[in-house]
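Those protein sequence lines, which keep their order, are chains A and B. If you're matching positions, the first sequence starts at 0 in numbering that gives the first Met the number 0 and goes up one per residue. If you're matching positions, the second sequence starts at 0 in numbering that gives the first Met the number 0 and goes up one per residue.
Some hints here could point you the wrong way.
[Claimed, not checked] If we take Cβ atoms under 7 Å as the criterion, some of the chain A residues that face chain B in the derived model are:
#	residue
1	Gln2
2	Arg9
3	Pro93
4	Thr293
5	Glu295
6	Ile298
7	Ala301
8	Ile302
9	Met304
10	Arg305
[Claimed, not checked] If you want the footprint, here are the derived chain B segments under chain A, 3+ residues with CB under 8 Å:
#	stretch
11	14–24
12	33–43
13	89–102
14	107–117
[Said to hold, decoys possible] Pair by pair, the computed Cβ-Cβ distance ranges are:
#	chain 1	residue 1	chain 2	residue 2	range
15	B	Ser41	A	Leu384	58 to 68 Å
16	A	Gly333	B	Gln68	51 to 61 Å
17	B	Asp174	A	Ile286	30 to 40 Å
Hints were generated in silico from the structure; no laboratory data involved. Keep in mind the model is a prediction, meaning the values are calculated, not measured. From the three backbone atoms N, C-alpha and C, an ideal C-beta is built for every residue, glycine too.
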Amino acid sequence: MIQLLKLAFRNLGRNRRRSFFSALAMGMALALLLLMASVIRGEMGDAIDLSIRLQSGHLQVRSATYDEAKTSLQWEDLVENPDQVAAQVASLDPVTVATPRLYASGFVTTRNESAPVRAVGIDPPSEANAPYRDGIREGEFLSPDDREGVLIGWSLAQRLDLSTGDTVSLSVNTSNGEVEEQAFTVRGIYSTGTSGFDGLTVLLPLAKAQAFTGAEDHASSIFVLLKDPAQTDAVIAAIQSPGFEVLTWRDMNELLIQTEQLSSGYMVFFYLIVLGIAATVIVNTQIMSVYERTREIGILSAIGMRGRNVMAIFLTESGMLATGGVLLGLLIGGIVIAYFTRYGLPLAVENFGITGMLLRERIYTQLTVQDTVQLTLMSFLVTVLAGLYPAVLASRMEPVAALRAEK
Amino acid sequence: MEVAKIENVTRVYTVGKVETHALRGVSLSIDKGEFTALVGPSGSGKTTLLQLIGCLDQPTTGQVFLDGQDVSRLNRDQRADIRRSKIGFVFQFFALIPTLTAYENVEMPLLLAGKSPPERRQRVLQLLESVGLSDRADHRPDQLSGGEQQRVAVARALASGPSLILADEPTANLDTANGEQVMETMMRLNRETGVTFVFATHDPRVVKFARRVVTLQDGRVVNHSAQAKKG
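The shape of chain A in the complex, shown without the other chains (with noise of 0.2 Å):
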């Protein structure tokens, strides 16, 4: 075996050049393959947490009349008493946080722009808001009692080159299904590096929206946030009851769900395409040594070497081009995948609407232990047997018509 292994080195250092840039070939598919994979789950992974962090929770307590399209604000589709019925949630032990929130929707004008928007009522103190408070970027976060302040996203204030302290009306639909106007002051922008929410969402605090909309002491649905995704079955057996409907983050990020599923089905393709080519890189190189090499072949042959042995050697040869090619992959895809990781890819698109997928301004790739470790071995795979071809050919030449070619 160790001989076997010296041997197809040493064949494989004859054209060091060709070697090395046959298992580069391999190594730069591999890199691209990680690469893709990590975008991916990057993008996907991040629009999901994204959706659960600021929008969808985890779970979501409703009236079962709630229709989030509609965005009612009628008391009947909305939850009552909601700070009572988030404390009895928030007392699960599986739940972290859970806090009401109510949606309407509306725009804001300045003197001379106006722009759609959500007017989202939060509890200020709520660690649910952790995504708004720590991106503030300038000015303040709201307090509880505040009624005249807002936060403003930061990609709607560019927009409307707002800043703190300007003044904007915001109108908004209201239970009785009218529209109300007040003018309210800019206390804070914020930034959730998500420009297609923040260009959308305006926030302020509960009891101003209740009074704002004619809500009083309703919400649209109280914004739960567990510890573990995988206790979200045994937290809906707990708080189900009547009149209610408890929406999983699965339920309410079907269509982003199904997306990820999609883009993982259409990944295969892609897939077989690059590692395809780069088959085809490999099978010319080892095609191209056995006919160098034929004579040789008839030699090793002539001193007894069964077919099964010749077979062998140009394995082995394909298999350190494969090793060869996923160490090179590996380094390649790790340092572009690291810096992407640390740094993120620019994304220039803002997307929140048509599929409600949130992205981020720029892409953080995400690699798992698991795609490193079945891309790693398809590339090695692939690579072994696209040298299989190439090492029946030499196994089943003749002796003699191998001994006579030229050297």
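Starting from the structure of chain A, add chain B where the hints point.
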């Protein structure tokens, strides 16, 4: 005792619709310990005959026996096994594996035979010494002269302890001095080990080393003659 016996062997090569009769009913018997030259002009069938005796090829008709065993219709793997255990080859070109050292080239048949590392080491060193190349063991073929390469090939041919060594124009690519040295080495090993040597040549300077000369012409044996021993 016969090491090899060829009975009425023909070999026809077909390329497209053209048939070439390389051998036309050759019968020959080679006894243990012979040092025999196959002579004849180019195209007379010397190489084809060696290839059939060496199980590199199969006859179109007729039979080839090695140590009494009919090897005419063996499959590829069986023929490879016969070559590994019974035959050693020395070719016209210096047929060494270029990536292996002289030591490793000689070791290769022993590896294929599954010999243990100590057995291999002892045998390889002994063989390299017997061809006068102990000090060149770590050299690769491109660091050896043509004569040295051919002597390594002789050592390799002897490695697995074959009953028959077949050499096809072993001196054709060597100058006179190196050619003589290779032939003298082969002759000495024939004398010392008793292994049978059959070599194809059309070089009169090589033929003089043979104790028996078999002449081929147009695929037929046309003459057998015994010669006085040289040296």
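With a cut-off of 7 Å on the beta carbons, see whether isoleucine 298/A makes it to chain B.
holds, 5 Å
Should the hint that glycine 333/A and glutamine 68/B are 51 to 61 Å apart at their CB atoms be regarded as holding?
Holds: the Cβ-Cβ distance is about 59 Å, inside 51 to 61 Å.
Does the nearest C-beta of chain B fall within a distance shorter than 7 Å of the C-beta of methionine 304/A?
Holds, about 6 Å.
30 to 40 Å as the expected CB spacing between isoleucine 286/A and aspartate 174/B, which holds or is violated
At roughly 38 Å between Cβ atoms, isoleucine 286/A and aspartate 174/B fall inside 30 to 40 Å, so the hint holds.
Verify the coverage statement for the stretch 107–117 of chain B against chain A, using a C-beta to C-beta distance below 8 Å and requiring 3 or more qualifying residues.
holds (count 5)
Does arginine 305/A meet its interface restraint, that is, does its C-beta lie within less than 7 Å of any C-beta in chain B?
holds, 5 Å
Should the interface hint for glutamate 295/A be scored as holding, given a Cβ-Cβ cut-off of 7 Å against chain B?
Result: holds, 6 Å to nearest chain B Cβ.
Can you tell me if the stretch 14–24 of chain B counts as covered by chain A, using C-beta to C-beta distances under 8 Å and a minimum of three residues?
violated (count 0)
Against chain B, is threonine 293/A within 7 Å by beta-carbon distance?
violated, 12 Å
Restraint outcome when isoleucine 302/A is required to lie within 7 Å of chain B by C-beta distance
holds, 5 Å
Evaluation of the interface hint that places glutamine 2/A against chain B, nearest CB under 7 Å
holds, 5 Å
When the least beta-carbon distance from arginine 9/A to chain B is tested against 7 Å, hint result
It holds, given that the least Cβ distance between arginine 9/A and chain B is near 4 Å, below 7 Å.
When the structure is compared with the earlier hints, violations turn up for hints 3, 4, 11, 12 and 15 and for no others.
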